[in-house]
Each structure stands twice: as structure tokens, then as C-alpha cells.
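As a plain string of letters, each chain reads:
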Amino acid sequence: MYNINSIRNDFPILHQKIHNHDLVYFDNAATTQKPQQVIDAIVHSYTKTNSNIHRGIHTLSQLSTNMYEKARKQVQQFIHAPKSEEIIFTKGVTESINLIAHSFGEAFIKAGDEIIISAMEHHSNMVPWHMLCERKQATLRFIPFNSDGVLDIEAFKNSISEKTKLVSIVHISNSLGTVNPISEIIEIAHSHGIPVCIDGAQSIQHTPIDVQALDCDFFVFSGHKMYAPTGIGVLWGKESWLEKMPPYQGGGDMIETVTLEKITYNTLPFKFEAGTSNYVGAHALGVAIDYIQHIGIQHIETHEHSLMEYATSKLQNIEGLSIIGNAPKKAGAISFKVQGAHPADIGQILDKKGIAIRTGTHCTEPVMQFFNIPGTARMSFGMYNTISEIDYCCDVLNKVTRMFL
Amino acid sequence: MNIQDIQDQIIEEFSIYEDWLDKYQYIIDLSKDLPLIDDQYKKENYVIKGCQSQVWLHANFENGKILYTADSDAVITKGIISLLIRVLSNQTPEDILNCDLFFIEKIGLKENLSPTRSNGLVAMIKQMKLYAMACNYKQNQ
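Line by line, the protein sequences give chains E and B.
Note that our numbering has the first sequence beginning at 266, numbered continuously upward.
Note that our numbering has the second sequence beginning at 36, numbered continuously upward.
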């Protein structure tokens, strides 16, 4: 059974008042809160085991290294990756995608080539490709979406040519909530021999991920959106691609030997982990994965799905409010606008009632341009949110929307 | 009325609202009274861009006093602008330059002036004062 009270008790930050109201935290797509177990893991690391990892001869360094490498194996197992060497620790999705854009780009993109992304990408899966295309005189193409927020797969098929070298697609849209048909996209791309990168920033915390079943070539996600600390994230790539890609950053740990004349690079995964890694963050990410698995990612998915369904039907009944993004399959987030109000107005008033939502463009400005709106108000859910929180929020929204009529 | 008295008056008006929703309702109503900026000024030269919302400001110097008009695409920001205009418009450049805008904190809207809120209000107040400074300089030449 999904014990919501016991889960909520693990998250100390939830138990506080904001402007004299119980905090309702509906900003999980931006970042999730951390369970006590994760907070304790960070404190324990700095209290008992802190020491720089790799090549240390002393006990603490070995302990610290073991914890770091254990976390790598936990990530491997969590996403069903074939090998732990394919798990590269990064700062988060942004760094993961920049790494691929740089290193895959160096090895495989030349003038005249094309990269396909969608028009609903977060800026972090858009800007690095823009930069790469500018550098290489390549072309960036976009899969359009319709007014429900559903990708046009026919247009995707038509945009593929012999010039296409990579497809990079968001699994679940952070601003529209759309769950994209990534299996289908991967299959189509692979039938043309094109590799696919999946941005899992908004899916890793909501749904089980099996990179082998998906058969994608790269899968990236951030720790802080899955109950782990900020500053730690993952790039998973198929070994065959990672081996062919040159290093991203140079520095310590990523080399095999250095002479003044010649440098040889370390093997995977270290080739891509220059400098001192965020080993405390990686360990805490491992603990967050333990926590998620203890609850069960399928159970979390079921719980959050019922929150999405319930919130959607309640919001649809509020006069003056309209949902932006009505894809048949959605997860994690619901965007909406209120007649006569700017999204910032809604966010500001809700805050005074203790409700944390996000307003603005959500780093997806082209999506806002498509709908011709300055931004949206977005509520997004985590494993600890409840039906009664949605009831309270919708009661407040019912009053607020009337204020702007 | 001088700037001090207008601010005291606003604080008194807000003191009757206990619930935040009522307070915001009043601000939303105020936004409707805003002396709207003439359309010719609602463009790039007069815009103050915030990350969330934007503000347009225009000023006129007449008979030793400054008249401000403004607008915003966010309703609450617009309501606060209407209060700022009520306080600062039709005052002398010296008074505008020397005043302390204490009413915003007193009515509980201080966070609207936080630079991280980025609604364009902080930049707008700065712009209002810069204009007063320019008028003051011109007047004393």
C-alpha cells in the first residue's frame, strides 16, 4: 500500500507554514524536496567519510571512492544500463547535453549535417545544439507539435534525410506535461541508422526507465529532480558511442598518462569526468535511488497519475481557467492560464496562500510563442503530494480566477 | 497632498484588509484606474523588461511638476504601479528625489520590490527617480 503519511514524514521541509498556511509544494518539475535519508547521507559523508576519491591510499579515500562507485552501480541498475562504465556523472542534464553536443559533435558532425530536436524542448536541449550547429555550420531542425501539445510524428519522418546525424528529444515536456512516444521515435530514427538522445529530466522521477528496452543511444537526467541534491546528474550512453567520442573537459582523473609532449586518456567512465567529481552528491543520489526503490517507482507512477487525473478534472471546472497542453498522455506537470491575469499574478497570490507553483516560460520560450502567451502557471507533482492539497489549491484558484473576471 | 501624506493614506486604506485575497482584489481594482500610457509610448523605447512581466513608463515635466503614466502586462504589477503613480505623480522633482517610499513595505508588498522578483518594478522606480533628477538639473540650470 502507498503510505502517503509515512512518505510525507520523511520530507522535513513539507512540514512548515508559509504565510500562515500549510506549505503546498507544487513546484516539483523545477526541483523536488529531499527525504531525511538523503539529507542524512550528505551530513554523514562530510562528518565521517569525506576524502577525495580515486588514487587515494588511505582508508577514508577508499571509503569515499567505494561510495562513489557504488552510486554508479545503483544508477546503472536503476535505468537498466548494460554496463556501469557507461554511467558518466555530470552536474545535471544541462552539462550532460553540453557534453554530448561537444564530444559527439566533434566526432560526428560536419558542415551540412542536420540534427533534429522538437519545438517543445527545454532550452537545455535546444541551446547546446544551436551552438554546435553554429560551430559546425550544421542545421537544426524541429519536430512541430499541435495545439494539444502532441508531436507531429509524420513531420518527423519527413524531416529525416541522409544528412540527419542525431535526434535529441525530451521524454516528458516540462511545460506541457506531454509524454512523448519515444520508443516510436527511437525506432523510426534507428531504421535510418540515426542515434537518439533522450532528455529524461522530467521522466526519471515519474516512470520506470529501461534504457535497453528503449534502445536509445543516450539518456540524461538530473539528481535534484529525483529527490537527490543539486549539482549531480547523469549521462548514460552506449559504450560504442562513448568510446568514439573525444573527452569534453581536460583535467585530473580523465587522463591515463601525461608527459609534456603527449597525453593519453583514461578509459570510460573517467575519460568524461575531469576534475574532482561531486562524489558526495553521487552518494546522496544513490541514497535517493534507494529511497525511490523502497517506495517503488511503479507505485509512485500510479499515485502521481491519479493526482494528474484528479487535478486535471478539477481545473477544467474552474471558470476562466484553461489548461495549456492537452495531450492524451501526460505526466508530472499541468500548465494553465487564467483569463485576464498574467501568470505572475496567479503565482504571487497563490504564494500568499502557502502554495508554491512556478510561473513564466519554464525555459521553453518557443512553446510560449506557439501559444502566443507570455508564460503559464504550472503545478507539478511529486511522490508526496496529496488529493487534499489539490482540493485546497483548486479552492483558492476558484476564488482567484473570479478576481480577474 | 504631499508624498508623505499620500503614503499614509494608502497604508490606512490597506489596513482594513485582513485576508490576502481581499488585499489583492483591491490592488487588481486599482490597476483599472491606472492612467494608461498613451499607445505611442507603449513600445521599445519606454519598456522596462522584467523576467516575468514588463512595464512601460512615460513622464512629462509641466509647471515644475512631473506627470507619470505607465502600464504593465501583469495585473498586480499594474496595481502597484497605480499606487506608485498616485504617490509620485504631480510632485516636484526635489520631492520625488528625496522621498522614502515606505508604503510598499507597510502594506506587505515588499517582495514586489525584490530584485529577484524581476517584474520591472525596481527598475521602474529607479527610472522615475532618474527622470526627476534630470528635471531637477534642467530646472536649476
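Mixed in with the good hints, there may be bad ones.
[Stated by the list, open to error] Ranges between beta-carbon positions, derived for each pair:
#1 Gln402/E <-> Glu97/B: 54 to 64 Å
#2 His388/E <-> Gln75/B: 28 to 38 Å
#3 Gln302/E <-> Asn80/B: 24 to 34 Å
[Unchecked claim] Counterexamples of contact, computed for chain E against chain B with all Cβ distances above 10 Å:
#4 Met266
#5 Val392
#6 His607
#7 Asp610
#8 Phe635
The set of hints was computed from the structure by calculation and includes no laboratory data.
Positions of the beta carbon are idealized from the N, C-alpha and C atoms, including for glycine.
task = Could you check the hint for me, namely that His388/E and Gln75/B are 28 to 38 Å apart, CB to CB?
result = Given range 28 to 38 Å: holds, Cβ gap about 34 Å.
task = Against chain B, does Phe635/E hold up as non-interface, every C-beta pair farther apart than 10 Å?
result = holds (18 Å)
Interface exclusion of His607/E relative to chain B, criterion Cβ beyond 10 Å = violated (4 Å)
ask   = With d taken as the least Cβ-Cβ distance between Val392/E and chain B, does d exceed 10 Å?
value = holds (17 Å)
inquiry  = Minimum C-beta separation from Met266/E to chain B exceeding 10 Å: can you confirm that?
reply    = Answer for Met266/E: holds, closest chain B Cβ roughly 37 Å.
Range hint compliance [Cβ, Gln302/E to Asn80/B, 24 to 34 Å] = violated (55 Å)
query = Is the hinted range of 54 to 64 Å satisfied by the C-beta distance from Gln402/E to Glu97/B?
reply = Given about 57 Å between the Cβ atoms, the range holds.
Reported absence of Asp610/E from the contact zone with chain B (all CB gaps over 10 Å) = Label violated. Min Cβ-Cβ 5 Å, cutoff 10 Å.
Going through the hint list in order, the structure does not satisfy hints 3, 6 and 7.
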